[in-house]
Every structure is written in C-alpha cells, then in structure tokens.
Amino acid sequence: GQNIDQPTEMTATEGAIVQINCTYQTSGFNGLFWYQQHAGEAPTFLSYNVLDGLEEKGRFSSFLSRSKGYSYLLLKELQMKDSASYLCAVRDKNSGNTPLVFGKGTRLSVIA
Amino acid sequence: DTGVSQNPRHKITKRGQNVTFRCDPISEHNRLYWYRQTLGQGPEFLTYFQNEAQLEKSRLLSDRFSAERPKGSFSTLEIQRTEQGDSAMYLCASSRSAGGGNEQFFGPGTRLTVL
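Each protein sequence line maps, in turn, to chains S and E. Numbering of the first sequence is given in our numbering, commencing with residue 4 and proceeding in unit increments. Numbering of the second sequence is given in our numbering, commencing with residue 476 and proceeding in unit increments.
Please keep in mind that the hints were generated in silico from the structure rather than gathered at the bench. Hints should not be assumed to be uniformly reliable.
Said to hold, decoys possible - Chain E stretches covered by chain S per the calculated footprint, using a threshold of three residues with CB under 8 Å from any CB of chain S:
{"#": "1", "segment": "493-500"}
{"#": "2", "segment": "542-549"}
As the list claims (entries may be wrong) - If you anchor each label on the Cβ, the simulated ranges turn out as follows:
{"#": "3", "chain 1": "S", "residue 1": "T11", "chain 2": "E", "residue 2": "G478", "range": "30 to 38 Å"}
{"#": "4", "chain 1": "S", "residue 1": "T14", "chain 2": "E", "residue 2": "R484", "range": "44 to 52 Å"}
{"#": "5", "chain 1": "E", "residue 1": "K546", "chain 2": "S", "residue 2": "T14", "range": "44 to 52 Å"}
{"#": "6", "chain 1": "S", "residue 1": "I20", "chain 2": "E", "residue 2": "R571", "range": "43 to 51 Å"}
{"#": "7", "chain 1": "S", "residue 1": "S70", "chain 2": "E", "residue 2": "Q555", "range": "27 to 35 Å"}
{"#": "8", "chain 1": "S", "residue 1": "E12", "chain 2": "E", "residue 2": "K489", "range": "29 to 37 Å"}
{"#": "9", "chain 1": "E", "residue 1": "G515", "chain 2": "S", "residue 2": "G18", "range": "24 to 32 Å"}
{"#": "10", "chain 1": "E", "residue 1": "S480", "chain 2": "S", "residue 2": "H41", "range": "12 to 20 Å"}
{"#": "11", "chain 1": "S", "residue 1": "E17", "chain 2": "E", "residue 2": "Q529", "range": "43 to 51 Å"}
Beta carbons: idealized from backbone N, C-alpha and C, even for Gly.
In isolation and in its complexed conformation, chain E is listed as follows:
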C-alpha cells in the first residue's frame, strides 16, 4: 500500500454512460497525476495537477474527459459518453513537486470496462 487510494477499484458501464473516478493522494504530496494503462502497455499520461491547478493535459485527453482537484487534495476524473475504447486501467499517482528524485507513488487503479 503506497498511501494513494482510488475508488472504485472496478467499474463496469454501458457505452454512452458517464463515469467518475476518485483519487486520494498521499497527504503531503502537492502533485497529482492521472495515467491510463491498457493490457501489455505502459501507463500513458493524461493530466496532472500542482495543488488545485491543472498544469498539463495530454492530447489523449479528449473533450469527453475532465479532471478536477478542487481543494488541492483529492481529485476526480470524469468520462462522459463512454466508448468501448475507454476500457482501461486508470492510475493515479502523487509526488512532491520539488526535488529531482521525487518518485511518483501509484494508487491501485480503477479498472473500467465499457460494454
């Protein structure tokens, strides 16, 4: 257990439905990252926050995806009008902002299946 928690751990939904995932980072970490991982691939960056500010969004993050971190603590990732191609493991990670060697600690992930 790295101290990063994600809920739910599994989500099965029908195509076209909206889903929301939550990530609680390690409390003293001000950076929070979202990644997506499909079978046989490494994690792919989606977006990240410094406190409540969203600093960068990947080109992978279509308009159907939105992420928030309203109070600089937990974060939510919402996918609207889900498609089968959204099926993946969604990983959250957190880290300190300063210091070159500060590794990212990953949560257990939310596995999304879109039917």
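Here chain S stands alone, though its shape is the one from the complex:
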C-alpha cells in the first residue's frame, strides 16, 4: 500500500524557522512535491525533489532522502501569511508525470 505521514498541526512564532517532516512508503517513486494550501483555496506548488539533497528557493527549502523515505520542508523567517496547510505528495510510479499521492497535510499556525 501507500502511506504518507506528516504531523497534523504545528505552531511557530513569527520570524522563526520551522521544519515540517514527511515520511512515505510507496510502491514506486518518481519525485516528491510540497504544496501550500490556504483555507478554502487550491494547493499551490512550493517545491520538487527527485534526487537526494536540499533544494532551496528563497525562504523555503526542501530536503529528500530516498533511502529513508523521508523529506522535510523548511520555512525560514516565518510570516503571518505562512499560516496554511502544507501538503507532502509523492509520484508513486517509477516514471512519467503521473498522479500524486498526498499526505493529509500539516496545518501550520504562525503566531506573533
């Protein structure tokens, strides 16, 4: 079966750094995505990892370890607008641009 686990909720302080972890067990693997979703809105793309290591994009970084089935999303210099759900998603086939399997999401609350 397929299993993607991430914490349900996290709280962090404005200006701080927060790390959201994701572990996955899937039948295949062809990339891991992080999406941000504000309440009542569509998910928006944040990052993509297919090889091991760290990808940095502004205040957001994402890390992948394929051997451990593990990823994290790092958010720096937190702002109030970062309060949202963060979705970890995996392509569970070994090739191709196929549908994503999503985790349940981590609801992040940024407080003053």
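Keeping the supplied structure of chain S fixed, place chain E upon it in accordance with the hints.
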C-alpha cells in the same frame, strides 16, 4: 490565479440529483487530473487524462462518476444519483506530460454539498 479555472465554484444539491462540473486547464497542458478533498485530508486522486484519453481511474471512482475530455481541452466530471458522502471539494489540476519536474497546477475547486 494558476490559470486553471473550474465552474461552478459552489454547488448545493439534493441527494439523488445529478451534478456536472467543468474544468478548463492551462491551454498548453495536455494532462488533466481530477482530485477530491474532504476537510482535514489531502487531495485524493480520482482520474486523469492525456489529451482526450482517460489513462487511469481510481478505485474511489464509483460507477456513478464519469469524466470526459472530448476535445483534449476542457473536462467535465459528472456525478449521478448524488449521495451525502459525495460532499467534498473537487479539484482539477493540469500539467505538461513530459519532464519529471512538471508540477500540477490546481484550479480553485468546486465545493459540492449534498443535502
């Protein structure tokens, strides 16, 4: 605005009625995906198209659900004989087919409430 549009944005219907949703993807994207999302959950895959061909359907997609993409552009998702358990946000996404890093762009969703 990602460029993917969905209509209607909200639909309230009575149990047993049929509903149809429309998705217009980004014009140069040949892949189109339908997902369903309920409160507190991540999106769950329903079905997807490469141009007009339906490539895969999830086990979640019962016989009451049908999706089409007749000309390889917009797509429709129809639910027949709606049930209260069908209440959810229905999300459409599109992407290019080639290239491993091609992310899926999501539309704003259609929120369905079945009374």
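Is the gap between the beta carbons of S/E12 and E/K489 within 29 to 37 Å? 35 Å, holds
State whether the coverage of the segment 493-500 of chain E by chain S holds or is violated, taking the criterion as 3 or more residues with Cβ-Cβ distances under 8 Å. It is violated, with 0 qualifying residues against the three required.
Do S/E17 and E/Q529 keep their Cβ atoms within the hinted range of 43 to 51 Å? 46 Å, holds
Distance restraint evaluation - S/S70, E/Q555, Cβ atoms, bounds 27 to 35 Å: 46 Å, violated
Range hint compliance [Cβ, S/T14 to E/R484, 44 to 52 Å]: 31 Å, violated
Taking the beta carbons of E/S480 and S/H41, is their distance inside 12 to 20 Å? 18 Å, holds
Are three or more residues of the segment 542-549 of chain E within 8 Å, CB to CB, of chain S? violated (count 0)
For the hint 24 to 32 Å, verify it against the beta carbon of E/G515 and that of S/G18. 28 Å, holds
Satisfaction of the hinted span 30 to 38 Å by the C-beta atoms belonging to S/T11 and E/G478: The hint (30 to 38 Å, Cβ to Cβ) holds, given that S/T11 and E/G478 are roughly 31 Å apart.
Range first: 44 to 52 Å. Now tell me if the beta carbons of E/K546 and S/T14 are that far apart. 48 Å, holds
CB of S/I20 to CB of E/R571, is that within 43 to 51 Å? 33 Å, violated
In summary, the structure is inconsistent with hints 1, 2, 4, 6, 7 from the numbered list given earlier, while agreeing with the others.
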